[in-house]
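Colleague: Numbering (this note's numbering) for the sequence shown: 146 to 723.
Possibly wrong hints are sitting among the right ones.
With a straight-line Cα cutoff of 25 angstroms, these simulated SDA-like cross-link-like pairs (lysine to any residue) come out [to be verified]:
1) Lys295 <-> Phe538
2) Lys275 <-> Cys288
3) Lys446 <-> Arg318
4) Lys275 <-> Thr188
5) Lys295 <-> Val351
Simulated restraints, written as ranges between beta carbons of each label pair [claimed, not checked]:
6) Glu672 <-> Ile618: 19 to 29 angstroms
7) Phe341 <-> Phe166: 25 to 35 angstroms
8) Ile581 <-> Val262: 39 to 49 angstroms
9) Val409 <-> Asn232: 33 to 43 angstroms
10) Ile416 <-> Ser646: 32 to 42 angstroms
Hints are computed from structural coordinates only; laboratory data are not their basis.
Only a predicted model underlies this, so the values are computations on that prediction, with no experimental measurement involved.
All residues carry an ideal CB built from backbone N, CA and C; glycine is no exception.
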Amino acid sequence: ESFSSVKFFLSLYRFQACVYFASVFQAMSCGIHYLASVFMAVTPNFICGFPGNVSSVLFHNSSASSIEDIWTLWTSTENYVVVQLENGEIWELDQCSRSKREDSLDLAYEYKGNKSVFPCSDGFLYDDTKWKSTVVTQWDLVCDREWLAKLIQPMFMLGVLIGAVIFGDIADRLGRQRVIWFTSAGQFVFGIAVAFTFDYYSFVIVRFLLAMVSSGYLVVAFVYVTEFVGIKARTWASMHVHAFFAMGIMIVALVGFLVRTWWVYQIFLSIATLPFVLCCWMLPETPFWLLSEERYEDAQKVIDTMARWNKVSTPCKVSELCSVQQDNLASGRMGDDDTSSAKKHNILDLFCNWQIARRTITVWLIWFTGSLGYYVFSLSSVSLGGNEYLNLFLIGAVELPCYIIACVAMDKLGRRNTLIPFLILSALICVLIMFIPQDFNILIILANMAGKFSIGVAFGLIYLYTAELYPTIVRSLAVGSGSMMCRVGSVVAPFCVYLRSVWIFMPLLLVGIMALLSGILTIMLPETLGKPLTNTLVEATEMGRNKKSCSEKTPPAQSGAALEKIEMFGQERVSTDK
146 ESFSSVKFFL SLYRFQACVY FASVFQAMSC GIHYLASVFM AVTPNFICGF PGNVSSVLFH
206 NSSASSIEDI WTLWTSTENY VVVQLENGEI WELDQCSRSK REDSLDLAYE YKGNKSVFPC
266 SDGFLYDDTK WKSTVVTQWD LVCDREWLAK LIQPMFMLGV LIGAVIFGDI ADRLGRQRVI
326 WFTSAGQFVF GIAVAFTFDY YSFVIVRFLL AMVSSGYLVV AFVYVTEFVG IKARTWASMH
386 VHAFFAMGIM IVALVGFLVR TWWVYQIFLS IATLPFVLCC WMLPETPFWL LSEERYEDAQ
446 KVIDTMARWN KVSTPCKVSE LCSVQQDNLA SGRMGDDDTS SAKKHNILDL FCNWQIARRT
506 ITVWLIWFTG SLGYYVFSLS SVSLGGNEYL NLFLIGAVEL PCYIIACVAM DKLGRRNTLI
566 PFLILSALIC VLIMFIPQDF NILIILANMA GKFSIGVAFG LIYLYTAELY PTIVRSLAVG
626 SGSMMCRVGS VVAPFCVYLR SVWIFMPLLL VGIMALLSGI LTIMLPETLG KPLTNTLVEA
686 TEMGRNKKSC SEKTPPAQSG AALEKIEMFG QERVSTDK
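Model the full structure from these sequences, guided by the hints.
Modeller: This is the structure:
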């Protein structure tokens, strides 16, 4: 696997390598902001505040002079603390209420007499041994305001969903370069602004905007890098964007370990994006988009720059590319005038017949399950016991080899034959974790890493597999709708993690069921390895019935020759064994 990864990086020439690494570097900031809330919105141990100065504190059989001394003894949310104030009053302090003892003069933990119950009008006292400050402690997001804390991550993921839709469309209209500029600057500006928000609602709104630009960057970055690298490196290039996202998760763990005040933590995480913000203005627009907008002179300038960087003595001319594309368009129309009328396709075309409808439902389920499992394993890693910072770091690190294995397996075994075992394996791992005793922290962490690894392989593979399962006329629609299901899964994932309060294994049970169902349904999908892309829904349906006529009928893409020429001018084509 490592040789294949090295071969991918060697296949990138100087210009493509600079553009690629500059673009994917910023993908780390997306991973940072997506998972930042795991430490920023931590709810530490807490109890109700009290009206006055404390003279004595009692917790079970242990006495102390201050509340801070009893946090190491705190074991359950059902515990309460007894305090005696300097004026002689004795109070019982629960997490969400406090009681004043009416007839007691002696400080004792157990009390059967009369008590007056009061709300926590004097605020709350928090355990600051791990975190000096979080957004929960900053704005008292506990008890009747706990639901506000639980909305922080889902609201961010909702911003991710909306940002992907908005900026994906803007990138097609205004160009990839401008969107990359805006979203990169937006990540830095909104990331810093989050640290200086003055209340909960401004915090959620600014993070929502941060989610939109982070998602927008990630979506456009995938398109941007794949339009600059050659065909042979395209799969590896797109998959390794995920790897840099995982590195962002590892950075969250490292910064969380070093910085324990939430707003300082947020500033340090946002500074990670600054190097790219300073240099992203030098990134060029892609020749593909310039040609699609008929900006031929600008496209020629980019082509000449690429040729100069890569030391290609005879760069191709835009006029040659246009002539090839026009020839292909003309040949594509011959004998097909009736079917070439501009028909607008919509989501209903993904359900045009039973074969395609069943394929769409299965693909959507895989997208949803992959995202759900990915974020459930990531978000719940800090609750596995042991060192939460190390847990999150390992959950991020395990993704790095999983994408290499995914690339190798999908080219050697096939897309479906890789997807099925890893989906079923992730389901089996979810079941296995339920039978591991809770005292075996190391074994639980290793099992969760294995679950994240297996779901990561499936999650990374589905992008390419979806594009190959559908014909040209609805391919973008299919990938876009699948991506929407992915975003829905990311919105649902935090709520799924919160179900740990109902039953500790509830999130794993749900992920396991979805993964098993997805794996079984994937058996009915056709294998696409080595098969040409289809152009019509009829051909795509025939592929699902395992008929050879599909591959025999499929013509080359209309602009295929032109696109290949664009990719060849910057990269010398070297024959390599697959």
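Colleague: Could you run down the list of hints and mark each one as holding or not?
Modeller: Hints versus structure:
| no. | hint | result |
| --- | --- | --- |
| 1 | Lys295 <-> Phe538 | 23 angstroms, holds |
| 2 | Lys275 <-> Cys288 | 21 angstroms, holds |
| 3 | Lys446 <-> Arg318 | 21 angstroms, holds |
| 4 | Lys275 <-> Thr188 | 11 angstroms, holds |
| 5 | Lys295 <-> Val351 | 17 angstroms, holds |
| 6 | Glu672 <-> Ile618: 19 to 29 angstroms | 22 angstroms, holds |
| 7 | Phe341 <-> Phe166: 25 to 35 angstroms | 32 angstroms, holds |
| 8 | Ile581 <-> Val262: 39 to 49 angstroms | 41 angstroms, holds |
| 9 | Val409 <-> Asn232: 33 to 43 angstroms | 38 angstroms, holds |
| 10 | Ile416 <-> Ser646: 32 to 42 angstroms | 35 angstroms, holds |
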